[in-house]
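Sequence lines, in order, name chains A, B, C and D. The numbering of the first sequence is my numbering, which starts it at 1 and goes up by one. The numbering of the second sequence is my numbering, which starts it at 1 and goes up by one. The numbering of the third sequence is my numbering, which starts it at 1 and goes up by one. The numbering of the fourth sequence is my numbering, which starts it at 1 and goes up by one.
FYI, nobody ran anything at the bench for these hints, they're computed from the structure. Any given hint might turn out to be false.
[Stated by the list, open to error] Incomplete in silico selection of chain C near chain B, CB under 7 Å: (1) Pro-341; (2) Pro-367; (3) Ala-370.
Quantities reported herein were computed from a predicted structural model and do not represent experimental measurements. All C-beta atoms in this analysis are idealised placements derived from N, C-alpha and C, irrespective of residue type, glycine included.
As a plain string of letters, each chain reads:
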Amino acid sequence: MKKLYLVLAALIIASMVLSACGTAPSAEDCASPDVFCVGLVTDVGKINDKSFNQSAWEGVQKAQTDGVADVVQYIETTDAKDYAKNIAQFGDAGYDAIVTVGFALGEATVAAAATYPDIHFIGVDQFQAETTEGVSGLNFPEDNAGFLVGALAAMMSESHKIGAVCGTDVVPPVWRFGEGYKAGAAYADAQNGTTTEVFVVYHSDVGFDKTFTDPEWGAQTAKSMMDQGADAIFGCGGITGNGAITAAAQAGAYAIGVDTDQYLTLPEAAPRMLSSAMKLITPGVAKLIAAVKDGTIESGNVFGDAGYAPFHDLEASVPAEVKTAMETINTGLLDGSIKTDVPPVKP
Amino acid sequence: MQAEKQSSSLARQILKSATESSLIPFLAILTAVIVGGIIISIVGGNPFQAYRGLIEGSLGSQKALSETAVWATPYIFAGLAVALAFKGGLFNIGAEGQLALGAVFSSLIGYALPGWLGFDLPTIIHLPLAIIVGMIAGGIWAGVVGALKAYTGGHEVINTIMMNYIALNTTSFLLNGIMKDKSPTNVIARTPMIADSARIPTIFEGLRVHWGFLLALLVAFFIWWLLTKTTLGFEIRTVGLNPDAAKYAGINVKRTITLTMVFSGMLAGLAGAIEVTGLNFRHELGFSIGYGFDAIAIALLGKSHPLGVVLAAILFAAMRNGATRMQFITQLPVDLISMLQAFILLFVAADAIVRYIYRVKSKGERVVLTRGWGG
Amino acid sequence: MAQTNIVLEAKDITKQFPGVLANDGVNFNLRKGEIHALLGENGAGKSTLMNVLYGLHLPDKGEIYVNEKPVLIHSSNDSIALGIGMVHQHFMLIPVFTVAENIMLGDETVRRGMLDQNAVAEKVNQLSKQYGMDVDPLALVGQLPVGVQQRVEIVKTLYRDAQILILDEPTAVLTPQEADDLFRIMRDLTKRGVSIIFITHKLKEVLAIADRITVMRAGRTVGTVSPKDVNPEKLATMMVGREVNLVILKKQANPKEATLVVKDLHVEDDRRYPAVRGVSFEVHAGEVLGIAGVQGNGQTQLAEALTGLRPTQSGQVTLAGKDITGKTPRVITETGLANIPEDRQRHGLVLSYTIADNMVLCNYYRPPFANGVVMQPDQIDANARQLIKDFDVRTPSPFVPASKLSGGNQQKVIVARELSRPIKLLIASQPTRGLDVGSIEYIHSRIIQKRDEGAAVLLVSSELDEIMVLSDRIAVMYRGQIVDIVPAANVSKEYLGLLMAGVKLEDAVKSAPKQEKEIKVERVF
Amino acid sequence: MDWKRFSFIALVIIVLFGAVVMVGQSQQRPILIITSMLATTIAVATPLTLGALSGVFCERSGVVNIGIEGMMLSAAFFGWLAAIYMFHVFGFPIGISITVGALFAVITGGLMGLLLAVLSITFNVDQIIGGTVINILAVGLTGFLNRQLFFGKGSVFGGQVPNSPGVLPTIHIPIREIFAPLCSDSIICIENIRAINRVFDQKPIAMGAVLLVFIAHFILFKTRWGLRTRSVGEHPKAADTVGINVFKMRYANVIIGGCLAGLAGAYFTIESVPSFEPLLTNGRGFISLAAMIFGNWTPIGAWAAALVFGASQALQINMQLFRESIPPQWAFLQQSYVVGLAPYILTMLILTGIIGKTTPPAADGVPYEK
């Protein structure tokens, strides 16, 4: 037992020495009006998910580099019951804007807005059925983005078979991407008199926590589609989709990304990256944060931009008439002359 | 042992055995904290700030304490579930699935029963009913595994893992289909909110800690009483320690194995039911991530003793709850908590390592918790 | 025949286990070509000494010489290299391997990276021909009878060119006739220069085969003698350490009504082969029926079936007029059965439970130990204290885990628990296996006492002497059937041996029963 | 090897393939469906096969390994990490980087095996708990390091997650080149040969896994090493008495098992997809374990069982591809929740002994104390 005490004593001394070297915590006082602080609470998931959590966080960081926000901080949620607590962590610290990511946080966000009337909340992917003071829901027309790349894939496909590998259709944005993709392909067919077979596969057979993080399944599914002749694969659904994109690019098919311009995030697929169905979360979040600081923010629903990414390396192989058609469709979608006819939620 | 001295020496004995049996878990936690600290430093974090954040976030305020209790509630139930199975010689890896089933059926009763009946129920009937149905669902789910083990010899470890997957798919199926909240504002896979009459009230105004926490403590006491004071507990322990002797002693081993698993599943189901009725008021997909494995760690750390399980559950709850504050202060990844828990479990399981480091002598024989596949 | 050159010598071997001084300065030597018997009670330290010689245990102190050169034996590898082979009491064979695989294991013949089973088989055939031991090298060991498995073990040592052979209790699993066959093989081996250490606790075998006898007691060697110079009584005294003139005072049995009636019982073993094939007998109140037979002839399965631990295929069992066929152990116990199981640590006790808990293992649920659902610790303690006193269990307290007790005291806990209940039938399987003489005596007297109180007793034992001492009638089992049931008072051991081998002579050795009110049976080891 | 089990497995695979062919034949030629499914099956079965082989080696020597999942996960992470360091930090070419990555994955697996061995053989920790420790440790460690090293404040790469240099290339088996000329001008024939070729064009680890199945079979049942391994798993005392070092044999086999699980981990991040995600093994380690039991602790049996799991995933994917052609009375097959249950239920059925009895090694899970 003597040895035990020696060990303990040594530990205590060591801890004292070490703590003296430790850096002090962030001294900035978010409660003061001079310091503009932005906090972000993730859905159950990682901040580096290469998907909506990460995009939103990059938006917050962008606000910092743009000089809008002075302090930015995030908290990863590990369990749904912590939503309120995690938001309160920022609320109690006197943050000025809090970004909550994902539909699941919608209720906690609305509730927190009542508790912290001085703080403005930005809810990414949170559709506001009725306006709550202090909450702005940032939503995106994913079906439009899906429509664009669907039309593009149908026009570029030589085999007239195209595929989409998605996360779970339980999540509405994912489902809207998939449905938009189909609608876009059908639109292109109608325009060009072609018949394109569209495979859309969702990874609904696993748990909610795994459906977006299974690249191996995505890759295998993409390969199966290519076996059936598909030559353009749209990967929609986080990491699972990334698996499909990489597999498609390796097999020499056209790869289509999602959310951001994945030409930049998936270099290994870059040479075959045709485009990406973009849902511009990062600029959307940054823009809203800036609006909070200006005081120009409006509560209720705010719609962000959706579009398609540049062709990058494949610029030369996309025919001019396809490029023109894409511009026409994009304009049509924006002015409402073309409709995707995709409902907001899976019926 | 003289009779007159017995009571005082008994108290001393209990104290002594308590210190002795908590020494190794304590040293294991200490070692894990040190090892974790070293890893944090290596990868560029500050372990002292991290630990400060953990303690502040879990114990630093009324609210923090309340949240720790909120976290501890399902941990106690799930930990007891695994511990009870251990006592009966069974390894229940499937607490996760049983918990999900319990939550699903508890919420079903919670939101749908008044509609089926056509009238509202008083809390005194509705709430217990919701909890009990969840409990039974978990019990049946585990009971299948218990019966397979008892009557066909199918090993419970593999079967509970398989049942976890089946539970997951079943829950997905239900929550996306017939049990999905059909209200236009909802888009994700979750049930409607349960009726007010099926909700557990909170203990203090403004804090989330609810009476379910107290129920957890009561159930822990009940399990202790069941195991040590009743004939059924004697049967469960005998089957756990020596099934051959149990059979010889006239105990119906197959029934006891099945029952143990049913009870274990009921406790896990209770964890889910209490989460629904006391905290979330609905069940949604992805709500339980990793309770099953945490529960194993809790049961092991608590040496499968109900009091130990309660303490271990509170420790784990404090770690999980304090993680928010820790992240806020240091921006260290939450996975740190999982890592710490893994180290604690490692040092508890391999107590020889801890004994070696601190030169603590081993006493008594090794307790066999599980057996091989057994054909 | 016996030569003077010493091939193996152990000097001053001391080996301490936690709580037990297993070997305390043991000296032992083996001459070339002799059969040297090592005799002693269970727990005398014979097996420890052999395990030291074979390298399974490292001695704390002492030296070993092989061919008069000092050697260090750290593992079985070393002993094998020195030409020492050992046949263990529990065979060291892997049931799912073939004979050839078992034999070559650890000393494999490899050709082009692959095991060469054929080469091994050839050598095995050659060896078995040479020594007259018939084994099929390609048979699966698990499917061979016990006697053949023992031959495989011997061939295994010869395959490794063993010059010194240690046989640990080799006759325990054999009929007297099979044992004779083994002795013939042992003789053959010594003629070819092999030296044999023969471990046993059976006096008669020693006198029949050994060239020299070393007796061990309580971890020490008592002395080495030549069989010519001793008689059984003297050897027994050396073994036990006191005058052995053990006599069991046993009144003439007074059998009454049939308590246990077994009709045409069929039982299968774990592998679902028939183990008990149509057995019928009766045990009367106030008598001891002994079931004799070589191990593995269905006695274990019979006892398990009667106690409800094993399902029966067909037939009928009646206890005190009640049909208990296929009933659970609980029902049978409540009908009036006490059961001393064969494997006390596996079936009889929960080793990590206290003595007190073990003493209520079968009736923990009944008053006064429990009322409905809650157990009554006070009553359980009081019961334990009483039984500890009554049955002379040597323990510091009733709260000691059963695992801390010696084998004899563990058995006394079981006997106390089983005999303290009002019973109609006692089934005792191998009740004294592995115990010291004191405990054996005690348990024997308790069994007779129970008989005299009017209980029926079914004694299953592979120790023929025990059967003959305790039984009033003896049933001999062979291959799952009862060959014959004979009165104990007037049967010769030789005839029992024939019965154990399945040979039944027509009234050959039956003589007129002695009419005595009180018979004395001398105990022979 | 029991024919009953194999005919059952063959039957299951035929039924799974047959269902897809029946559904999909209106859209696609059966041969193309079958070859595509075969290719998927083999690829999906790769990590399962390797994981099951890991289990076979550990358990044949008497150590239960339920830590396969954790071994795979940590190997996937550290292999990926090594590849990134080689490529981005030390500037090695892609080929060398990923090869070193694969090697690191195997070494990581081996080290995890060593941890299991130390826990279960030296410290006599209950083996199932030892495996559980590895599983939990792997999740915590990889999650923590993945985030701390690659993202956020103080991370090595300054918040920019670097991409892995790439994945192992597909090895082309020139079936097409050899047999296509025999088709003369029939386009269908050439297409068919091309489709068949697709089955054989697999990546190195997938090919290696199949090879390893037969190597493992050879080692376990034909060599001295195998005989000794099986002997310590069946009756360690008997092995000890003939001079076999039980502890060494168990250590070695558990480490070999770890390396195999490590190779399975490499499959995820070095062969299939060039990125690591927390929990990316998604329970495949546990499925491997089930495959091992399914296959009665034999390499070939385990492989066959892994193929069943692979085939059922191929079915799930293809059922969705041919969704439009599913007749209405089969609509439930569209629900991936329903089809997804098949392998789990099959495994449970196997465990009950309804379809042939499984016999674990006699001393599996029993610590050996001298």
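Hints and how they fare:
{"no.": "1", "hint": "Pro-341", "in the structure": "holds, 6 Å"}
{"no.": "2", "hint": "Pro-367", "in the structure": "violated, 11 Å"}
{"no.": "3", "hint": "Ala-370", "in the structure": "holds, 5 Å"}
In this structure, only the earlier hint numbered 2 is contradicted, and the remaining ones agree with it.
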